[in-house]
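These protein sequences, in sequence, are chains A and B.
Letter by letter, the first sequence follows residues 1 to 500 in my numbering.
Letter by letter, the second sequence follows residues 1 to 630 in my numbering.
Read the hints as simulated data drawn from the structure, not as lab findings.
C-beta atoms are modelled at their ideal positions from N, C-alpha and C, and glycine is treated no differently.
Where hints are given, some of them may not hold.
Stated by the list, open to error - Derived list of chain A stretches under chain B, where covered just means 3 residues or more per stretch with a C-beta under 8 Å from a C-beta of chain B:
| hint | region |
| --- | --- |
| 1 | 296-306 |
| 2 | 427-440 |
| 3 | 444-455 |
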Amino acid sequence: MNCNTVYITFPELLIWFPLIAGLASFFIRNQGVAKAWAILASIITLCISLTGFLYTDMSAERDFCLNNVSYEWLKYIGSSFALGMDGMGRMLTLLTAISFPVIFVATYRKSYAGSGSFYGLMLLAQAGLMGVFTAMDALVFYIFWELALIPVYFLCSRWGGERRIPATFKFFVYTFAGSLLMLVGILYVYQHTLPIQGFAEHSFAWKAFQNVQLTAGQQNLVFWLFFIAFAIKMPVFPFHTWQPDAYEQSPAPATMVMSGIMVKMGIFAVIRWLLPVLPAASLKYSSIVIGISVAGMIYASCIAMMQDDLKRLAAYSSIAHIGLMCAAVFTANTTAMQGVMVQMFSHGINIIGLWIVIELIEQQLGVRKLSQLGGVAHKAPVLTIMLVVMALANIALPLTNAFVGEFMMFSGLFQYSIWYAAIAGTSIILAAVYTLTMIQKVFLGESNALTGKIRDISWNEKVILAVLVIAVFMVGVFPQPMLDMVKDSVTAVLTKFRNG
Amino acid sequence: MRTIFEWIWLVPVLPLVGFLINGLGRKHLSKTMAGIIGSGTVLGAFIISLLVFMAVKDGSGAVTVPLFTFIDTTSLHIGFSFGADALSSLFLLIITGVGFLIHVYSTAYMHEEPGKDFAKYFAYLNLFVFSMLLLVMGSNFVIMFIGWEGVGLCSYLLIGFWFTNNNYNAAARKAFVMNRIGDLGFLLAIFWLLSKTGSVEYSEVFSSATLQKLSSADKTGITLLLFVGATGKSAQIPLFTWLPDAMAGPTPVSALIHAATMVTAGIYMIARSNALFSMAETTQHIIAITGLATALLAATIAVKQNDIKKVLAYSTVSQLGFMFLALGAGAYTAAVFHVMTHAFFKALLFLGSGSVIHAMGGEQDIMQMGGLKKKMRITHLTFLVGCLAIAGFPPLSGFFSKDAILLQVFEHNKLLYALGLLGAMLTAYYMFRLYFLTFNGSFRGTDEQAHHVHESPAAMTLPLIVLAVLAVIGGFVGIPEVFMANGDRLHHFLAPVLSSEKAVHGVSHSEEMLLMGLATGLVLVAVILAYVQTRKVVQKENTGFGKVLARKWYVDELYQAIVVQPLRQLSAFFNSIVEKKGIDGFVNGVGKAVQYSSRQIRLLQGGQVGVYVLLMVLGILALFIIQMFL
Numbered sequence: 001m002n003c004n005t006v007y008i009t010f011p012e013l014l015i016w017f018p019l020i021a022g023l024a025s026f027f028i029r030n031q032g033v034a035k036a037w038a039i040l041a042s043i044i045t046l047c048i049s050l051t052g053f054l055y056t057d058m059s060a061e062r063d064f065c066l067n068n069v070s071y072e073w074l075k076y077i078g079s080s081f082a083l084g085m086d087g088m089g090r091m092l093t094l095l096t097a098i099s100f101p102v103i104f105v106a107t108y109r110k111s112y113a114g115s116g117s118f119y120g121l122m123l124l125a126q127a128g129l130m131g132v133f134t135a136m137d138a139l140v141f142y143i144f145w146e147l148a149l150i151p152v153y154f155l156c157s158r159w160g161g162e163r164r165i166p167a168t169f170k171f172f173v174y175t176f177a178g179s180l181l182m183l184v185g186i187l188y189v190y191q192h193t194l195p196i197q198g199f200a201e202h203s204f205a206w207k208a209f210q211n212v213q214l215t216a217g218q219q220n221l222v223f224w225l226f227f228i229a230f231a232i233k234m235p236v237f238p239f240h241t242w243q244p245d246a247y248e249q250s251p252a253p254a255t256m257v258m259s260g261i262m263v264k265m266g267i268f269a270v271i272r273w274l275l276p277v278l279p280a281a282s283l284k285y286s287s288i289v290i291g292i293s294v295a296g297m298i299y300a301s302c303i304a305m306m307q308d309d310l311k312r313l314a315a316y317s318s319i320a321h322i323g324l325m326c327a328a329v330f331t332a333n334t335t336a337m338q339g340v341m342v343q344m345f346s347h348g349i350n351i352i353g354l355w356i357v358i359e360l361i362e363q364q365l366g367v368r369k370l371s372q373l374g375g376v377a378h379k380a381p382v383l384t385i386m387l388v389v390m391a392l393a394n395i396a397l398p399l400t401n402a403f404v405g406e407f408m409m410f411s412g413l414f415q416y417s418i419w420y421a422a423i424a425g426t427s428i429i430l431a432a433v434y435t436l437t438m439i440q441k442v443f444l445g446e447s448n449a450l451t452g453k454i455r456d457i458s459w460n461e462k463v464i465l466a467v468l469v470i471a472v473f474m475v476g477v478f479p480q481p482m483l484d485m486v487k488d489s490v491t492a493v494l495t496k497f498r499n500g
Numbered sequence: 001m002r003t004i005f006e007w008i009w010l011v012p013v014l015p016l017v018g019f020l021i022n023g024l025g026r027k028h029l030s031k032t033m034a035g036i037i038g039s040g041t042v043l044g045a046f047i048i049s050l051l052v053f054m055a056v057k058d059g060s061g062a063v064t065v066p067l068f069t070f071i072d073t074t075s076l077h078i079g080f081s082f083g084a085d086a087l088s089s090l091f092l093l094i095i096t097g098v099g100f101l102i103h104v105y106s107t108a109y110m111h112e113e114p115g116k117d118f119a120k121y122f123a124y125l126n127l128f129v130f131s132m133l134l135l136v137m138g139s140n141f142v143i144m145f146i147g148w149e150g151v152g153l154c155s156y157l158l159i160g161f162w163f164t165n166n167n168y169n170a171a172a173r174k175a176f177v178m179n180r181i182g183d184l185g186f187l188l189a190i191f192w193l194l195s196k197t198g199s200v201e202y203s204e205v206f207s208s209a210t211l212q213k214l215s216s217a218d219k220t221g222i223t224l225l226l227f228v229g230a231t232g233k234s235a236q237i238p239l240f241t242w243l244p245d246a247m248a249g250p251t252p253v254s255a256l257i258h259a260a261t262m263v264t265a266g267i268y269m270i271a272r273s274n275a276l277f278s279m280a281e282t283t284q285h286i287i288a289i290t291g292l293a294t295a296l297l298a299a300t301i302a303v304k305q306n307d308i309k310k311v312l313a314y315s316t317v318s319q320l321g322f323m324f325l326a327l328g329a330g331a332y333t334a335a336v337f338h339v340m341t342h343a344f345f346k347a348l349l350f351l352g353s354g355s356v357i358h359a360m361g362g363e364q365d366i367m368q369m370g371g372l373k374k375k376m377r378i379t380h381l382t383f384l385v386g387c388l389a390i391a392g393f394p395p396l397s398g399f400f401s402k403d404a405i406l407l408q409v410f411e412h413n414k415l416l417y418a419l420g421l422l423g424a425m426l427t428a429y430y431m432f433r434l435y436f437l438t439f440n441g442s443f444r445g446t447d448e449q450a451h452h453v454h455e456s457p458a459a460m461t462l463p464l465i466v467l468a469v470l471a472v473i474g475g476f477v478g479i480p481e482v483f484m485a486n487g488d489r490l491h492h493f494l495a496p497v498l499s500s501e502k503a504v505h506g507v508s509h510s511e512e513m514l515l516m517g518l519a520t521g522l523v524l525v526a527v528i529l530a531y532v533q534t535r536k537v538v539q540k541e542n543t544g545f546g547k548v549l550a551r552k553w554y555v556d557e558l559y560q561a562i563v564v565q566p567l568r569q570l571s572a573f574f575n576s577i578v579e580k581k582g583i584d585g586f587v588n589g590v591g592k593a594v595q596y597s598s599r600q601i602r603l604l605q606g607g608q609v610g611v612y613v614l615l616m617v618l619g620i621l622a623l624f625i626i627q628m629f630l
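Extracted from the complex, chain A is given alone in its bound form (with noise of 0.2 Å):
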């Protein structure tokens, strides 16, 4: 298509105006200037996110012109500077943009010291995340998966808890690992790719990726650099002992990041480089990851049930919850596929909701342990309904969000294999269980000394937290939009992993 009238495009503005905004904070020296640029800057992405959803025919010129981009870039060696928004793309961008203007605003009352600083690396890896979603090319994958990353070393190292030191450490070797496997295994596939006439010998480009020609032998070896870095990512059992660790000791914001959005990265990579690029492996492997999967999630699902601790609490079950995302995925199962999408974008609200009332709870009382805490709902009862609501959302009762994701997650695993399915359904025997103790023990029962000083939540965090609650059920009740959007994605990348 001629595209020659379209000057910018909706994914690039998604990476650069973060980008700009987020270098430009790092000059700002007033704490109170920071946050209102911050908040000003996410909310303008959200706008021009939104406004992208008046332009998504792809069929139409117009429509395709403003979402797709690709400039010539390092040309001798095949590699492009190509961005393009599908419908799992623009779910996932719509995320993004919608997580940071509400991280922002939830934590408002926290300052951090060097705020300039902070909300400037937050903001960079808000344009590293919008990259990785629209990338179309290996190297820029990359490149951005890389700068989303970089920020929350930062963040973690510098604003963290007492003990961020060695939770960064470990996250830096799971990380990098990851990040060096999946390079190695990126520039192995590119060195098999076509040529492009006149230019360079190999391609980074996505689609040369997915038409690449590899032997079974190679494609298995490549499989499993990429799986691996994919699934620290995630993460999924046993890669995922940096998580509790750095959930627990990064800055509440760059924890709401991590869980609500960056964990979404592992199973995107998957349905973007993984299955399509080596659909036979996958095939082959699909039994091994989904067991790991199942596995895992009794494993942190049990584990979950052990911890006192409100963010650790949290960080098994959501490591429980993406080994259902991950082992659904590679059922190669439609409903299933359908099921991931959806969740991606619930488990991302959802955690984030439950995110702010653990902060909300940790900066007024300066405890987060369950053993601590107790009736907190005799003088926060708002706080506690919202907890409530989000916590139920996170254990997929029907009519929330996570439901939806989760019945057609099941339903597809249940076609793979019943025994799985049954095996996996345990866990939400176990969900309950670790749930309602620590709504128990944090909200109910007397209070004490401790829990006898906390205030409800105020008005800006009141708004954020209802706008979670409605997303929560519109996305429960009306969950059809969310399908449609992204249906070609779904059909797109099961067409190519079902024909090997």
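Given chain A, put chain B in place with the hints provided.
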């Protein structure tokens, strides 16, 4: 002309609106307003339900009302749609009718609660009614499941309504978790149906064409899993222990949720799926045996309980067991009939016990009561009616429904019948033991309580009277052929839905009369026994078998030992050994090895992690830029 069915969505939406108003406005609404909104919305739902029922009865038959598309993908089509037929319209009447009475009763019972808790209570009640209505109105299994988990949630909220007490909270949590175990079975059954038939719509799934597609293994598997779901919600072995603990909630809640409606969900589900169940013989046997075992187990426990609500709770479990026995014997109509009559008399008994507890200032131990019949005339009379009805005295409602069950079980299997009869005797015994200890003899409580005892206000006694009348006449919709030709109107009404019902052939009229006489005689013996034994009240420690019964057959302890403890140990093993020593040990070991072998990386501990990665990326970038200009 527009039909009533176009307005059927209002039935669940009205209570939902009530929930929202009371929930959001709980700080601003007066108690009167909260009560009016709570009860009024359910009354509205009842009126529409009544019209729907009339329309169905007048021959409109089954109607499906699609509302909107819930999930529609290439492989999955689930509509948000409601169905109205004989079975669901009957349940609608029970839920909204009995529900309304309980709402009215609650306005007086909960009056001492602070304003916002009062409104919160009604919000929860309305949400419960909403969920239960979704459950029975859905035209497919997914909508049923939505309501199914919804009632589980509401019972959690209501059992733990007084959330300051951690024992209550534990009971609430137990109810939710046990329900979820059952829910998993239900879910798996839905997935199984989906994978084999591609649909969850009743009209599709139960059509003979679809049923033929299912192998007998499929049918057995699906029905067994559905039954697992039913055992959770309807408190059958092995998932029954939550129900007696659920008595922690306010007493009207016990009446609504744990007697009249929620626990009948399992019966509804199986009756709804009768076409499928009647093709799975193995499952039917398991259901009948489980039902009977539950009926007897719970009845024996009830004999030794001294808490007025605990007795009633075990009696509910036991009665539900009878309904499952009926379902297992293929007597679907009888099971639904018993659901209806049980809703009347069990709501009556629970509300009556609430009235007693109210008057006794919170006392629930029947050993501390006695002689209340002089002080609480209405409560006493209505409670007596309830006891007579549940014991099955002719011509009260319980007589007809219990007789219908026993008759069909008799034809099905003589041993099951004999044991069922034993259960009926036990029922009469423990109910009248309860009645005599509470209302007969002399007062055994404190002087203060004796002074305080009074009849409850009209908002509480009026529902009692209405329910008592229903408990008396409710059985007349199902008069057996022996007494009246075409007397079993319920059977004819439900016949289109419960088409797999087994007809009774092998029992002659004289035989039937004989069986009824036998049952009634035995029940009478049990009542006399109860009277004799309670004439002199001696409090003594239970020993031997009595202690086993008083301690509920040690089922809770058993579960603790074989499920809870092992799970906890496994989790502890995962947490402290595998996670910390195993995986983390490995990762940290690798990290440390790298650290020792390389001086540079030691800088990581200075917090300079990011710089390295940044350098790496910058390096790559530089490489490309250089290449670009070469």
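So, going through the hints one by one against the coordinates:
1. Note: the region 296-306 of chain A has 5 residues with beta-carbon separation from chain B under 8 Å; the three-residue rule is met and the coverage holds.
2. Requiring three or more residues with a Cβ within less than 8 Å of a Cβ of chain B, the coverage given for the region 427-440 of chain A holds, as 7 such residues are present.
3. Note: the region 444-455 of chain A has 3 residues with beta-carbon separation from chain B under 8 Å; the three-residue rule is met and the coverage holds.
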